[in-house]
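K.L.:
Going by the UniProt record's numbering, the letters in the sequence shown line up with residues 1 to 306, in that order.
Among these hints, one or two may not hold up.
Stated by the list, open to error - Cβ pair distances, simulated, as ranges:
| id | residue 1 | residue 2 | range |
| --- | --- | --- | --- |
| 1 | E39 | L150 | 17 to 23 angstroms |
| 2 | M171 | T260 | 40 to 46 angstroms |
| 3 | K10 | M171 | 44 to 50 angstroms |
| 4 | A105 | I70 | 46 to 52 angstroms |
| 5 | P106 | I70 | 48 to 54 angstroms |
| 6 | S32 | L243 | 41 to 47 angstroms |
| 7 | G71 | F102 | 37 to 43 angstroms |
As the list claims (entries may be wrong) - DSS-like, lysine-lysine: derived pairs with alpha carbons at most 30 angstroms apart:
| id | residue 1 | residue 2 |
| --- | --- | --- |
| 8 | K295 | K284 |
| 9 | K108 | K84 |
| 10 | K84 | K51 |
| 11 | K84 | K107 |
| 12 | K290 | K253 |
| 13 | K240 | K250 |
| 14 | K107 | K47 |
| 15 | K253 | K240 |
| 16 | K253 | K284 |
| 17 | K84 | K47 |
| 18 | K107 | K48 |
| 19 | K84 | K10 |
Rather than coming from a laboratory, the hints here were simulated on the basis of the structure.
The C-beta atom is built at its ideal place from N, Cα and C for all residues, glycine as well.
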Amino acid sequence: MGKKQFIDRKNARHFEVVHRSQRDPLAGDGDSSSRVLREVVPLNVAKKENKEERRLEAQEGNKEDLEERIGQAALYGIYYDDSKYDYTQHLRPIGENPDAVFVAAPKKQEKTRHTGIQFVDDDVASVSSRRERKVTFDLPQDALPSEYELSTGVMNQSALPEDLQGLQPDMDPELRAVLEALDDEDGIDDGDLDEDFIQSLDAEGGEEYMGAKYDSDDEYEEDTRTNFTMSSSVMFRNDKLTLLDEQFDKVEKEYEESETESESDSERPEREDLDDILDEFLDKYELVGKKMVPKLEGIRRRSWRP
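Generate coordinates for the entire structure from the input sequences, incorporating the hints supplied.
P.N.:
Now the structure itself:
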C-alpha cells in the first residue's frame with residue numbers, strides 16, 4: 001500500500017503573491033501587508049478545462065436528439081438519468097432473434113443485521129479514524145485582498161470629502177454663493193450684496209473698519225496669497241506636487257529679496273553738491289572725437305584774434 005499524498009492535487013487551490021491593489025481600502029493602512037495572495041488557475045488545469053469545453057461544444061450538436069429521447073428509458077424500467085447518456089441503445093426487442101435467450105435479473109437478497117455485543121479494538125479504530133480524517137485550514141484575512149474595492153485608487157483620491165464633491169442641488173444657497181465667489185473673483189457685482197452687509201456698513205464704525213481692512217497694499221497681497229494657498233490645498237499633494245511647491249516658494253523668496261534690494265538702492269540719499277561737480281567737470285573737459293580731453297583755453301585764446 002503506497003503512502004497517501006499530503007496534498008490532494010485534484011482539490012488543491014493555487015495562489016500567487018501580488019501587490020495589494022490601490023483600490024483596496026487597506027492599501028493606505030500601515031498595519032496591513034503591501035502584498036496579498038491571489039488565487040490562480042495552473043496552466044495544466046486551464047488546458048484540461050479548455051478540452052472539456054471543446055468536448056461539451058461538440059456534444060451540443062446532438063442536444064436535440066437527447067431532448068427527444070429523455071424519459072424513454074424509464075418506460076423500460078431504467079430509472080437512471082438519461083439526459084447525458086442513451087441507455088436505450090443497449091435494449092433489444094424480444095422475439096426478433098430466435099437465438100437470443102432472455103435471462104431475468106437476479107433478485108436482491110436482504111442483508112441480515114447482526115444483533116448483540118460487538119467488540120472493537122481501540123487501536124484499529126484510531127488508525128481508521130486517522131485515515132478518514134482530512135486536514136483543512138483557512139487562510140488569514142490579512143493575507144487575502146479585501147472583498148470589495150473602492151471606485152478610485154488611494155493615490156487618485158481627492159483631499160476634498162465625498163459629501164462636498166460633485167453637483168449638490170440641496171446645498172445651502174449661502175455656502176454655494178461663497179464657493180462660487182472663491183472660484184470667480186470678478187463674478188461678484190454690487191447688486192449681489194446682502195442687505196445685512198449693507199446695513200453693517202451704515203452702522204457706526206463700519207467705514208473705519210473697511211478702511212482699516214483694505215488700508216495697505218501689502219495686506220491685500222498677503223490675503224490674495226492666502227486664498228491661493230487655500231484653493232491649492234484642496235488638491236491631493238503627491239511627492240511631485242510637493243517638490244514643485246517647494247521650488248516655487250524658493251523662487252518667490254529670491255524674487256522678494258531682489259525686489260527689496262532694488263528698493264533699498266533706489267532710496268539711497270543723493271549728494272547735495274552733485275550738480276556742482278558735474279558743472280565743473282563739463283567746464284574742464286570736452287569731447288574730441290570719441291574721447292574726453294581737457295580743454296586748452298590758453299591755446300584757443302591765442303589762436304583766436306578779432
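K.L.:
Does 17 to 23 angstroms hold as the CB distance between E39 and L150, or does it fail?
P.N.:
The hint (17 to 23 angstroms, Cβ to Cβ) holds, given that E39 and L150 are roughly 21 angstroms apart.
K.L.:
Within 46 to 52 angstroms: is that where the Cβ-Cβ distance between A105 and I70 falls?
P.N.:
violated, 24 angstroms
K.L.:
Run the distance test for K107 versus K48: straight-line Cα separation, threshold 30 angstroms.
P.N.:
Cα-Cα ~42 angstroms, so violated.
K.L.:
Does K240 lie within 30 angstroms of K253 when you go C-alpha to C-alpha?
P.N.:
holds, 20 angstroms
K.L.:
Can the restraint linking K84 and K51 be considered satisfied, given a maximum Cα separation of 30 angstroms?
P.N.:
Holds, at about 18 angstroms.
K.L.:
Please work out if K107 and K47 have their alpha carbons no farther apart than 30 angstroms.
P.N.:
violated, 46 angstroms
K.L.:
Should the hint that S32 and L243 are 41 to 47 angstroms apart at their CB atoms be regarded as holding?
P.N.:
violated, 28 angstroms
K.L.:
Keeping to a limit of 30 angstroms between CA atoms, is the pair of K253 and K284 held or broken?
P.N.:
violated, 48 angstroms
K.L.:
Between K84 and K47, is the straight-line Cα distance small enough, at 30 angstroms or below?
P.N.:
holds, 23 angstroms
K.L.:
Is K295 close enough to K284, meaning Cα to Cα at most 30 angstroms?
P.N.:
Distance of about 6 angstroms is within 30 angstroms: holds.
K.L.:
Does the structure keep K84 and K10 at a Cα separation of 30 angstroms or less?
P.N.:
holds, 23 angstroms
K.L.:
Just to be sure I understand the hint, the distance between the Cβ atoms of K10 and M171 should be within 44 to 50 angstroms; is that true here?
P.N.:
violated, 60 angstroms
The structure fails hints 3, 4, 5, 6, 7, 12, 14, 16, 18 (numbered hints given earlier, in ascending order).
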